[in-house]
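Colleague: The primary structure of each chain is shown beneath.
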Amino acid sequence: MFKPTLKVALLASSMLVLVACGEEKKEEQASSAASNTTSTTATSEAAPATSTNQTASVTPAPATGGLTVVSWGGAYQEAQRKTIFEPYNAKTGNVIKEEEYNGEVAKIKAMVESGTVSWDVISVDTATALQGCDDGVLETLDYSKILDKAKVLPGAALDCAIGSDVYATVFAYDTAKLPNGPASIKDLFDLEKFPGKRALQKNPFVNLEWSLIADGVDPAQVYDVLGTPEGVDRAFKKLDTIKSQVVWWEAGAQPPQLLADGEVVMTSAWNGRIANAIKEGKTFKIVWDGQAPDLDMWAIPKGTPNLEKSYEYLAFASSAEVQSALAPYIPYGPTNLDAVALVDAELAKSLPTHPDNLKAAIPLNPQFWGDNGEELRARFNTWLAQ
Amino acid sequence: MSVSAISDDRSTLKSRLRRAERVQRLRAIGLVLPLFLFILIVFVTPIIILMTRAVDNPEIADSLPLTSAALANWDRTDIPGEDVFAAFAVDLVAAQKNKATGLIGKRLNYEMPGTRSKVLQAGRAAEKLTAAPYKEAFLKIDPLWGEIETWKVLERASHRNTSFYLLKAVDLQCSADDEIVNVAPDQALFRDVFIRTLGISTLVTVATLLLGFPLAYMLATLPPKHSNILMILVLLPFWTSLLVRTTAWVVLLQTEGPINDLLLFLGLTDERLQLIFSRFGTVVAMTHIQLPFTLLPIYSVMRTISPNYVRAARSLGAGPFHAFWTIYFPQTMPGIAAGCLLTFILSLGYYITPALVGGPTDQMISYFVALYTNKELNWGQASALGTILLMATLVLYAVYNRLVGIDKMKLG
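Chains A and B supply the protein sequences, listed in that same order. Here the first sequence stands for residues 1 to 386, numbered as in my numbering. Here the second sequence stands for residues 1 to 412, numbered as in my numbering.
It is possible that part of the hints are untrue.
As the list claims (entries may be wrong) - Okay, derived cross-link-like pairs now, DSS-like style, lysine-lysine, Cα gap no bigger than 27 Å in a straight line:
{"#": "1", "chain 1": "A", "residue 1": "K186", "chain 2": "A", "residue 2": "K282"}
{"#": "2", "chain 1": "B", "residue 1": "K97", "chain 2": "A", "residue 2": "K145"}
{"#": "3", "chain 1": "A", "residue 1": "K237", "chain 2": "B", "residue 2": "K375"}
{"#": "4", "chain 1": "B", "residue 1": "K135", "chain 2": "A", "residue 2": "K149"}
{"#": "5", "chain 1": "A", "residue 1": "K151", "chain 2": "B", "residue 2": "K99"}
{"#": "6", "chain 1": "B", "residue 1": "K118", "chain 2": "A", "residue 2": "K309"}
{"#": "7", "chain 1": "A", "residue 1": "K309", "chain 2": "B", "residue 2": "K99"}
{"#": "8", "chain 1": "B", "residue 1": "K408", "chain 2": "B", "residue 2": "K118"}
{"#": "9", "chain 1": "A", "residue 1": "K145", "chain 2": "A", "residue 2": "K197"}
What the hints assert, rightly or not - Derived CB-CB ranges, DEER-like:
{"#": "10", "chain 1": "A", "residue 1": "Q367", "chain 2": "B", "residue 2": "K128", "range": "17 to 27 Å"}
{"#": "11", "chain 1": "B", "residue 1": "S117", "chain 2": "A", "residue 2": "A345", "range": "35 to 45 Å"}
{"#": "12", "chain 1": "A", "residue 1": "A150", "chain 2": "B", "residue 2": "A131", "range": "32 to 42 Å"}
{"#": "13", "chain 1": "A", "residue 1": "K151", "chain 2": "B", "residue 2": "E82", "range": "42 to 52 Å"}
{"#": "14", "chain 1": "B", "residue 1": "K128", "chain 2": "A", "residue 2": "S144", "range": "17 to 27 Å"}
{"#": "15", "chain 1": "B", "residue 1": "V170", "chain 2": "A", "residue 2": "P179", "range": "48 to 58 Å"}
{"#": "16", "chain 1": "B", "residue 1": "E271", "chain 2": "A", "residue 2": "A150", "range": "57 to 67 Å"}
{"#": "17", "chain 1": "B", "residue 1": "L273", "chain 2": "A", "residue 2": "P355", "range": "25 to 35 Å"}
{"#": "18", "chain 1": "A", "residue 1": "P355", "chain 2": "B", "residue 2": "S117", "range": "29 to 39 Å"}
{"#": "19", "chain 1": "B", "residue 1": "A248", "chain 2": "A", "residue 2": "S244", "range": "53 to 63 Å"}
Derived from the structure by calculation, the hints contain no laboratory data. Note that CB positions come from ideal geometry on N, CA and C, so glycine has one too.
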């Protein structure tokens, strides 16, 4: 008589707990989206939820109105609002409905698979652009509706996405703490000259390339070496030498924080984040040696009801005038080659695309990571766990 | 009154009783139905879908239907014949038109790293192939298509169900000789992660029990005036968001944080300790979050234990510890069993706390489920990891049931 009641009580309380945790995860998503981070979010259960939530907002696609553009939030989206969204609204009379996300490609996949696409244009990173293209969740772009492919930075016009700006993974340090700071990738790996913790992104991309450069490989040849099994071994061996001193970051907001807190003496970071911190009065310095340029890209989820408008938006956002306006807000370079000349010369020096900064840069090679990313990431995770 | 009248009367009574009971039963079902449907829709169905996703393998069968059919007759001893290559050419042209070559490439890349771009290349080249012999043509496009291993992988991947993801979730794979072998050491990950997940959960369970038991005892024995205040101290963190509490631990544990400041000030350490991004930090933060889950069932069981038993034992000459250990403690077992099980099973699924406070060697299985769902977009692998975790939990639960007995558990 008594026992079954207890079982039910136990079950019921565990259900309650489960529900409670579910709610917490949602909060966690919201807060991390707000802080404009790019990873560490649990969306496994959020994905299907999104697709059902969105249904209501999509079905009556307004004839005159909205184009939903999704970006990364924070200072980045603020810059896009000023330089793209608002001018676009003014020019076309359309109204852009902004949304933010955290790079969860799973969300897009869930939308496309359930046929309830409510996002018209999304800002994605290169890896997502390639994955999304393979998985058939992104529209294959018809460049005749956007612009002449020849005007786009080589490597920035992919099948399913077009580069919107160039950012870079660089490394930085605090001049207040290290007056004679590191100047090259070799210094990043030199624990004797610069003892102390370093923060690196928890991702083999950039780290393996830097290991090889520190080991003496010419940046231009990095992917030739990394394409061989010996090259991969060599990179991991070099990375081993600093492993004990590395703090791994996942969200873009972490590196400036780690540096400011004195948790690390130097850190890899996206150049815009460091530039922002400098603007806020921090004494950080960017080292451009071995910078790894990468692209933010625009893509269109497959099955959007506003395909033509989305193309119209892409054409507008890719034009030279619009692209050259971004740099004053956030130091990311244009992908439209005509836009390069339109950027203020002094400002251009802080962009990843400036010739001086590109001297010892790692070449852009999304194809390499498309082919080998899965394996290298698996090996990297195994290596991390050892 | 005749006999038949009595039996008539009895049967109407019976049927009337039955009718009354039926109404009650329907009412009971009606009350339970919403919860039942809710659990079915939001809990049982997703789990079933998750488990099917772990073995679901539609990519190749859908995108290369003719090749899959042709490969079904292949004897797997030598490179397939012209018929397979011809089917492959037709399929690839169709796939190229449907933009499905990326999907094929991605699927093959899971088992043969580096093949993604070669599939894309073959897709583009296939459009120009118009006449036999296709086999030669494909060998010219890339030597990959002349390797028997490629075709074995393709054949395995062409079935609608696959064990690939589940095997990989425990660091196993099908070898070239179609035997199940361990994956290469530099790719082996998940067994360690599962063991780590169980290890951290056990540690957290034990820690919450050691901390929670004395506190629960105090709460249960103090007069209500004091115990209520203490109870608030336990419940307040319990009501606070998990993320807030985890972030608070980030602040406390960091190298330049207050705990290190205090240790230095007290002269207990000469240099700042690495507290955050470590196993220590993970276990401490998780223990803090899980403490009420272990404590509350123990507390509510303790509240029901009459102090007379211990008094009786003491009056019969038992020492204080002896009386506690042989009389009091066994009576708290149902609460301990329930609290520990609750904490252990909840700990298995921890994600955000190890992600924020732990280092790379402290990530639990949920981290990898999230990684494969969000970053790699490999939902098959994510589902397989989830399925294995669920199975492991059920097995552990069965073992626990055998050892402790779920009917002995008590939440209060």
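Colleague: Determine for every hint whether it applies to the structure shown.
Modeller: Hints, verified against the model:
1. K186/A with K282/A: Cα-Cα ~25 Å, so holds.
2. K97/B with K145/A: holds, 20 Å
3. K237/A with K375/B: Holds, at roughly 26 Å.
4. K135/B with K149/A: Status violated; Cα separation ~35 Å.
5. K151/A with K99/B: Holds - the C-alpha atoms of K99/B and K151/A are around 25 Å apart, at most 27 Å.
6. K118/B with K309/A: violated, 35 Å
7. K309/A with K99/B: holds, 23 Å
8. K408/B with K118/B: violated, 60 Å
9. K145/A with K197/A: violated, 49 Å
10. Q367/A with K128/B: 17 to 27 Å: Given about 21 Å between the Cβ atoms, the range holds.
11. S117/B with A345/A: 35 to 45 Å: holds, 39 Å
12. A150/A with A131/B: 32 to 42 Å: Distance hint for A150/A, A131/B holds at roughly 35 Å.
13. K151/A with E82/B: 42 to 52 Å: Between K151/A and E82/B, where Cβ atoms are some 46 Å apart, the hint holds.
14. K128/B with S144/A: 17 to 27 Å: Holds, at about 23 Å.
15. V170/B with P179/A: 48 to 58 Å: holds, 52 Å
16. E271/B with A150/A: 57 to 67 Å: holds, 58 Å
17. L273/B with P355/A: 25 to 35 Å: violated, 46 Å
18. P355/A with S117/B: 29 to 39 Å: Holds: the Cβ-Cβ distance is about 30 Å, inside 29 to 39 Å.
19. A248/B with S244/A: 53 to 63 Å: For S244/A against A248/B, whose Cβ atoms are near 28 Å apart, the range 53 to 63 Å is violated.
The structure is inconsistent with the numbered hints 4, 6, 8, 9, 17 and 19, although it conforms to all the rest.
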